[in-house]
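*Asks:* Quick note: the sequence shown uses the numbering used here, first residue -7, plus one each step.
Because the hints were derived from the structure by calculation, they are not lab data.
As the structure is a prediction and not an experimental result, all values here were calculated from the model.
Note that beta-carbon positions come from the ideal geometry of N, C-alpha and C, so glycine has one too.
You may find that some hints are simply not true.
As the list claims (entries may be wrong) - Cross-link-like lysine-lysine pairs, in silico, DSS-like; alpha carbons within 25 angstroms at most:
| hint | residue 1 | residue 2 |
| --- | --- | --- |
| 1 | Lys229 | Lys118 |
| 2 | Lys118 | Lys193 |
| 3 | Lys175 | Lys211 |
| 4 | Lys211 | Lys201 |
| 5 | Lys118 | Lys104 |
| 6 | Lys404 | Lys349 |
| 7 | Lys193 | Lys211 |
| 8 | Lys70 | Lys229 |
| 9 | Lys189 | Lys201 |
| 10 | Lys443 | Lys453 |
| 11 | Lys38 | Lys349 |
| 12 | Lys404 | Lys38 |
| 13 | Lys70 | Lys211 |
| 14 | Lys70 | Lys38 |
| 15 | Lys193 | Lys135 |
| 16 | Lys104 | Lys131 |
| 17 | Lys201 | Lys297 |
| 18 | Lys104 | Lys446 |
| 19 | Lys338 | Lys446 |
| 20 | Lys338 | Lys229 |
| 21 | Lys338 | Lys297 |
Claimed, not checked - Simulated restraints on C-beta separations:
| hint | residue 1 | residue 2 | range |
| --- | --- | --- | --- |
| 22 | Gln290 | Ala363 | 28 to 38 angstroms |
| 23 | Leu220 | Glu22 | 17 to 27 angstroms |
| 24 | Asp279 | Asp424 | 45 to 55 angstroms |
| 25 | Asp302 | Glu395 | 33 to 43 angstroms |
| 26 | Gln294 | Asp81 | 38 to 48 angstroms |
| 27 | Leu121 | Glu395 | 23 to 33 angstroms |
| 28 | Glu395 | Ala42 | 13 to 23 angstroms |
| 29 | Pro18 | Val66 | 19 to 29 angstroms |
| 30 | Pro455 | Phe314 | 46 to 56 angstroms |
| 31 | Thr134 | Arg448 | 47 to 57 angstroms |
| 32 | Asp302 | Thr426 | 46 to 56 angstroms |
| 33 | Lys193 | Gln290 | 13 to 23 angstroms |
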Amino acid sequence: MPAALLTLAAALCQCGIAADFESQRPPASERCFNSPSVERTIAEVKPRIADAQLAWMFENCYPNTLDTTVDYEVIDGKPDTFVITGDIDAMWLRDSTAQVWPYMPYITGDEKTRDLIEGLVRRQTKCVLLDPYANSFYKDMTKESEWASDRPAPIDGVHERKWEVDSLCYTVRLANEYFRLTKDASVLDDQWQEAAKLIVKTFRDEQRKHGTSFRFVRKTDRMIDAPLFDGQGRPVKPVGLIASAFRPSDDSTLYPFLIPSNLFAIQSLRQLDDLFRNTLGDPGFADECGALADEVQQAVDQYAKVEHLDFGQIYAYEVDGFGNRAFWDDANVPSLMSLAYLGVHKPSDPIYVRTRKFLLSGNNPYFFRGAAAEGQASPHTGNVRVWPMGIILRAMTSTSDEEITECLTMLKHTHAGTGFMHEAFNKDDPADYTRDWFAWANTLFGELIVKIDKERPHLLKQPLE
């Protein structure tokens, strides 16, 4: 990042920062949940961060999900965890998994944190069984959705019914990782297995070989808030890919075959194959999961890997099976950028390297450069806003000390003096941002710092510009 831009960025957002970097966490008595392991990690990592402002941001952000968004209790003798996004009082399947993901390494030695994650697996299972097409839910089943005028209207307990392939992938991701770390198969009970089979059925249905029953109509003046053609989206050719009416940004897709989500689904199906074959003793369903994964992978290879004039073979972001493709990315995860973070690809895989290079170039219409920062954006927030999440994922997937340091420097200078991440900020003015309280981005920033402390600790030993 050029020195002139750093100077401007620093000037834009230094106002309002406490001189002594006073903690912005709620008082201990007002925090929603306490994890001894997370507190211990903060106490260990923070002193190793030479840049005082970066250390302050880490202390604020890393525990933000636990501090402010968790509703944990025991229901019928079993843990139950409901996790809101922050400033929206509802639980997204995607966000809730992502919000607690950085705490997963602690569950083998911290019973309290383990119970928290077990409770979320159980809560997500209930949500999937309630409506596998919904993206977000309420804990209070009597609460009326603010989207009650959508058609069809959300049923009781559903906040919003946007069909997003990744929502179901995230539920598999959480349960699989919980079991992998703990070997506690009690969460993989009959109810969970029913939900898993419903997930696979929904994936199969949304290959749209026989059309789709999904429809989403909303009265709106935003083109990206609902699919075209009476809520069913643009036509697709049923080639084996899974259609997603919406992206992880909650925007409607241009072409319904959303490639990052299909790659994520392949991973989820492989995980289900393994769980049902080697733990649950159901080789028949395991075979079904494996066969579907193979079918989707073959379709990705045929329709989503495309020769670009400047970059060679890369992934398209969305396709329709007819030959139409969109070449860009969205900062929300799963994204093409995040494939190495999710474990779908290694950072060194040639197609990922080429795709990533494209995403960070002027050929990507949603990679913005401004006076304050450069980074991935999203149609969700218009044509001037960069997403901190995109900058974080760039650092997460980088193999370059220089690039990681550049990302940390941009994050340091674009939090508008708050000490927290936001959804998006104006590329020329970080004080112009969206969402004060976006727990996923906060916790993800903390995860980045912990990763750097573990893998490249030398990057934290010098103050940033």
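*Asks:* Each hint: holds or not?
*Replies:* Hint-by-hint comparison with the structure:
Proposed proximity of Lys229 and Lys118 is contradicted: the alpha carbons are some 33 angstroms apart, above 25 angstroms. Among the hinted pairs, Lys118 with Lys193 is consistent with the structure: their alpha-carbon atoms are about 17 angstroms apart, no more than 25 angstroms. For a cut-off of 25 angstroms, the pair hint linking Lys175 to Lys211 is broken: about 47 angstroms separates their Cα positions. Between the alpha carbons of Lys211 and Lys201 the distance comes to roughly 29 angstroms, so the proposed pair goes past 25 angstroms and is violated.
For a cut-off of 25 angstroms, the pair hint linking Lys118 to Lys104 stands: about 22 angstroms separates their Cα positions. Between the alpha carbons of Lys404 and Lys349 the distance comes to roughly 24 angstroms, so the proposed pair stays at or under 25 angstroms and holds. With a C-alpha separation of about 30 angstroms, the suggested pairing of Lys193 with Lys211 is violated against the 25 angstroms cut-off. Between Lys70 and Lys229 the CA atoms are separated by roughly 44 angstroms; this puts the pair beyond 25 angstroms, and the hint is violated.
Straight-line distance between C-alpha atoms of Lys189 and Lys201 comes to about 19 angstroms, which keeps the hinted pair within the 25 angstroms bound. For the suggested pair Lys443 and Lys453, the alpha carbons sit about 14 angstroms apart, so the restraint of at most 25 angstroms is met. The suggested pairing of Lys38 with Lys349 is violated, with an alpha-carbon distance near 32 angstroms, which exceeds 25 angstroms. Between the alpha carbons of Lys404 and Lys38 the distance comes to roughly 15 angstroms, so the proposed pair stays at or under 25 angstroms and holds.
Of the supplied pair hints, the one linking Lys70 and Lys211 is violated, its CA atoms being roughly 40 angstroms apart against a limit of 25 angstroms. With a C-alpha separation of about 34 angstroms, the suggested pairing of Lys70 with Lys38 is violated against the 25 angstroms cut-off. About 29 angstroms separates the Cα atoms of Lys193 and Lys135, which puts this hinted pair outside 25 angstroms; it is violated. Of the supplied pair hints, the one linking Lys104 and Lys131 holds, its CA atoms being roughly 21 angstroms apart against a limit of 25 angstroms.
The hinted pair formed by Lys201 and Lys297 meets the criterion: a straight-line CA distance of about 22 angstroms does not exceed 25 angstroms. Proposed proximity of Lys104 and Lys446 is supported: the alpha carbons are some 24 angstroms apart, at most 25 angstroms. With a C-alpha separation of about 18 angstroms, the suggested pair Lys338 and Lys446 falls inside the 25 angstroms cut-off, and the hint holds. Between Lys338 and Lys229 the alpha-carbon distance is near 30 angstroms, which puts this suggested pair outside the 25 angstroms criterion.
Between Lys338 and Lys297, the direct Cα distance comes to roughly 17 angstroms. Compliance with the 25 angstroms bound is thereby established for this hinted pair. Range check, Gln290 to Ala363: Cβ separation about 46 angstroms, and the 28 to 38 angstroms hint is violated. Taken as a hint, the range 17 to 27 angstroms is violated for the pair Leu220 and Glu22, whose Cβ atoms sit roughly 45 angstroms apart. Under the hint 45 to 55 angstroms, the C-beta atoms of Asp279 and Asp424, about 53 angstroms apart, fit the expected range.
Range check, Asp302 to Glu395: about 20 angstroms between beta-carbon atoms, so the 33 to 43 angstroms window is missed. The hinted window of 38 to 48 angstroms between Gln294 and Asp81 holds, with their beta carbons roughly 43 angstroms apart. Under the hint 23 to 33 angstroms, the C-beta atoms of Leu121 and Glu395, about 43 angstroms apart, miss the expected range. Checked against the given bound of 13 to 23 angstroms, the beta carbons of Glu395 and Ala42, roughly 19 angstroms apart, stay inside it.
Pro18 and Val66 have their C-beta atoms about 23 angstroms apart, which keeps the hinted 19 to 29 angstroms range intact. Taken as a hint, the range 46 to 56 angstroms holds for the pair Pro455 and Phe314, whose Cβ atoms sit roughly 53 angstroms apart. At about 49 angstroms, the CB distance of Thr134 to Arg448 agrees with the hint of 47 to 57 angstroms. Taking 46 to 56 angstroms as the suggested C-beta distance range, the pair Asp302 and Thr426 does not conform, at roughly 32 angstroms.
Roughly 20 angstroms separates the CB atoms of Lys193 and Gln290, a value that falls within the hinted 13 to 23 angstroms.
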